[in-house]
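> Top line first, the protein sequences correspond to chains A and B. So the first sequence is numbered by the working numbering: it starts at 1 and just counts up by one. So the second sequence is numbered by the working numbering: it starts at 1 and just counts up by one.
Since the hints were made in silico from the structure, they are not lab data. By construction, the Cβ of each residue, glycine as well, lies at the ideal position given by its N, Cα and C atoms. The reader is advised that the hints may include incorrect statements.
Each computed DSS-like pair below joins lysine-lysine, with the alpha-carbon atoms no more than 27 Å apart [what the hints assert, rightly or not]:
{"no.": "1", "chain 1": "B", "residue 1": "Lys202", "chain 2": "B", "residue 2": "Lys316"}
{"no.": "2", "chain 1": "A", "residue 1": "Lys4", "chain 2": "B", "residue 2": "Lys82"}
{"no.": "3", "chain 1": "B", "residue 1": "Lys104", "chain 2": "A", "residue 2": "Lys43"}
{"no.": "4", "chain 1": "A", "residue 1": "Lys47", "chain 2": "B", "residue 2": "Lys41"}
{"no.": "5", "chain 1": "B", "residue 1": "Lys232", "chain 2": "A", "residue 2": "Lys4"}
{"no.": "6", "chain 1": "A", "residue 1": "Lys54", "chain 2": "B", "residue 2": "Lys129"}
{"no.": "7", "chain 1": "B", "residue 1": "Lys8", "chain 2": "B", "residue 2": "Lys41"}
{"no.": "8", "chain 1": "A", "residue 1": "Lys39", "chain 2": "B", "residue 2": "Lys100"}
{"no.": "9", "chain 1": "A", "residue 1": "Lys22", "chain 2": "B", "residue 2": "Lys104"}
{"no.": "10", "chain 1": "B", "residue 1": "Lys139", "chain 2": "B", "residue 2": "Lys82"}
{"no.": "11", "chain 1": "A", "residue 1": "Lys39", "chain 2": "B", "residue 2": "Lys327"}
{"no.": "12", "chain 1": "A", "residue 1": "Lys22", "chain 2": "B", "residue 2": "Lys82"}
{"no.": "13", "chain 1": "B", "residue 1": "Lys104", "chain 2": "B", "residue 2": "Lys137"}
{"no.": "14", "chain 1": "B", "residue 1": "Lys8", "chain 2": "A", "residue 2": "Lys47"}
{"no.": "15", "chain 1": "A", "residue 1": "Lys84", "chain 2": "B", "residue 2": "Lys55"}
{"no.": "16", "chain 1": "B", "residue 1": "Lys316", "chain 2": "B", "residue 2": "Lys337"}
{"no.": "17", "chain 1": "B", "residue 1": "Lys232", "chain 2": "B", "residue 2": "Lys244"}
{"no.": "18", "chain 1": "B", "residue 1": "Lys327", "chain 2": "B", "residue 2": "Lys196"}
{"no.": "19", "chain 1": "B", "residue 1": "Lys63", "chain 2": "B", "residue 2": "Lys205"}
{"no.": "20", "chain 1": "A", "residue 1": "Lys84", "chain 2": "B", "residue 2": "Lys82"}
{"no.": "21", "chain 1": "B", "residue 1": "Lys137", "chain 2": "A", "residue 2": "Lys22"}
{"no.": "22", "chain 1": "A", "residue 1": "Lys22", "chain 2": "B", "residue 2": "Lys202"}
{"no.": "23", "chain 1": "A", "residue 1": "Lys22", "chain 2": "B", "residue 2": "Lys136"}
{"no.": "24", "chain 1": "B", "residue 1": "Lys63", "chain 2": "B", "residue 2": "Lys18"}
{"no.": "25", "chain 1": "A", "residue 1": "Lys4", "chain 2": "B", "residue 2": "Lys55"}
{"no.": "26", "chain 1": "B", "residue 1": "Lys100", "chain 2": "B", "residue 2": "Lys82"}
{"no.": "27", "chain 1": "B", "residue 1": "Lys129", "chain 2": "A", "residue 2": "Lys4"}
{"no.": "28", "chain 1": "B", "residue 1": "Lys129", "chain 2": "A", "residue 2": "Lys39"}
{"no.": "29", "chain 1": "B", "residue 1": "Lys129", "chain 2": "B", "residue 2": "Lys8"}
{"no.": "30", "chain 1": "B", "residue 1": "Lys82", "chain 2": "A", "residue 2": "Lys43"}
{"no.": "31", "chain 1": "A", "residue 1": "Lys22", "chain 2": "B", "residue 2": "Lys55"}
{"no.": "32", "chain 1": "A", "residue 1": "Lys4", "chain 2": "B", "residue 2": "Lys136"}
{"no.": "33", "chain 1": "B", "residue 1": "Lys18", "chain 2": "A", "residue 2": "Lys22"}
{"no.": "34", "chain 1": "B", "residue 1": "Lys8", "chain 2": "A", "residue 2": "Lys39"}
To give a feel for the contact side, a few chain B residues facing chain A, derived at Cβ under 8 Å [as the list claims (entries may be wrong)]:
{"no.": "35", "residue": "Ser14"}
{"no.": "36", "residue": "Gly70"}
{"no.": "37", "residue": "Ser73"}
{"no.": "38", "residue": "Ile76"}
{"no.": "39", "residue": "Thr77"}
{"no.": "40", "residue": "Lys82"}
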Amino acid sequence: MNIKTPAKAGTMESNDIYVMVKPNDEGGIVIDLESIVMKQFGKQIEKVILNTLKDLGIDNIYVMAKDRGALDCTIQARIETAVKRGM
Amino acid sequence: MENVRIEKINLNSSQRLKVESFLSTFNLFLDKDVEYTIVAKKDEEIVGTCSYFGKILKCFAVKEGIQGEGIASKLITHITNKLFDEGIYETFIFTKPKNKYIFKGIHYHEVYATDEVVLLEGGMASIEKFIQNMFKKSKLGNEKKAALVMNCNPFTLGHRYIIEKASKENDKVVVFIVEENRSLFPFHVRMDLTKKGIEDLKNVKILPGGNYIISSATFPSYFIREADERLKAYTKLDAGIFSKFIAPIFHIQRRYVGTEPYCNVTNEYNQTLHEVLPKEGIEVIEVDRIGRNDKAISASFVRELIKAENWEEMRKLLPNSTYEFLKSNDAKEIIQKIKRSDSPH
């Protein structure tokens, strides 16, 4: 499945993540992640994003995520909201 | 922080004065051209503010003593959301070098820094991707090129002369047209008339300037008050971005500029290009403008002629394509705008 329009969810406040998504013309899933805890949790955050997208059945998407220390459940919720807003 | 809330300011009301007085405590002022302004309020006191014009966030300040309490991120989130809803996914901030860490903390990236000013980008913006994509879309190859950056407001025989000279002296020439719409002739018209004006020059490619060819008109004035200092900061930033990103990706080895006998801004700009570009291995070639009756052909002079409805003189300074456009119905609105305007752009 694809999304149709760019969409966003979240805030740039501490303990949250700001997620922007748009259709990926070149196909596939591309994730650009920035995090204040990149070294410790970068891989884990990417995994959560990827799994959430898979659960939603999304195959083509560009995700830009700016994390300020969000928990996994927050990341999941923000990704799901952004994707559904873009459908 | 529960009691901090964000409010939109009606810029045409007395609320504006409150924002101005808040900013004045930071030695800042509210730029004339801001489109949208918000404040953060704690109880009834203003503790922070941010505005934007187009893609550029401006006039940002947070009260001293409570910086670091998340007010900046609230303000930036609100503005980013608002811009997102308007279809603007890339944002930019110009700031003093000492303030850049405030924005880096909320994931703004440094595009380029000079001693006086830093340009930061946020949202989905990424200069390298953007310029790479511009290059890919242009379908240009990896051969060595010469480049020009022009506003063409509107396209005159003066522009034609410089482009033609570059076209003769180089295998491939790229002309970037300043995309920001701060000019009297809208971007698509400037682009179109330039394309028509050089149709016969097969080795010249006209391209939109994109996000990173910044016009002096959009460079913010609120935090560098001194006009000369501001101009210097702007020209250094622009020349720096060109030589660090645009030139290497497009394989540009030469940059052509016209001499400008009347305009101080262009003079200063050319001088800075001479200082910055050769250090990066880019040759700067300054071309004397062709003149008529000792007066160099310039677009600003053409706009004066439009104001005075001096069609006879215009005919001598413009290629047929521009002249025909000005005579057409499509130009009526623009001509009216020029007649009403005192803008130097």
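> Of all the hints numbered above, which does this structure not satisfy? Sort the numbers upward.
4, 5, 10, 11, 13, 14, 19, 22, 29, 30, 33, 34, 35 and 40
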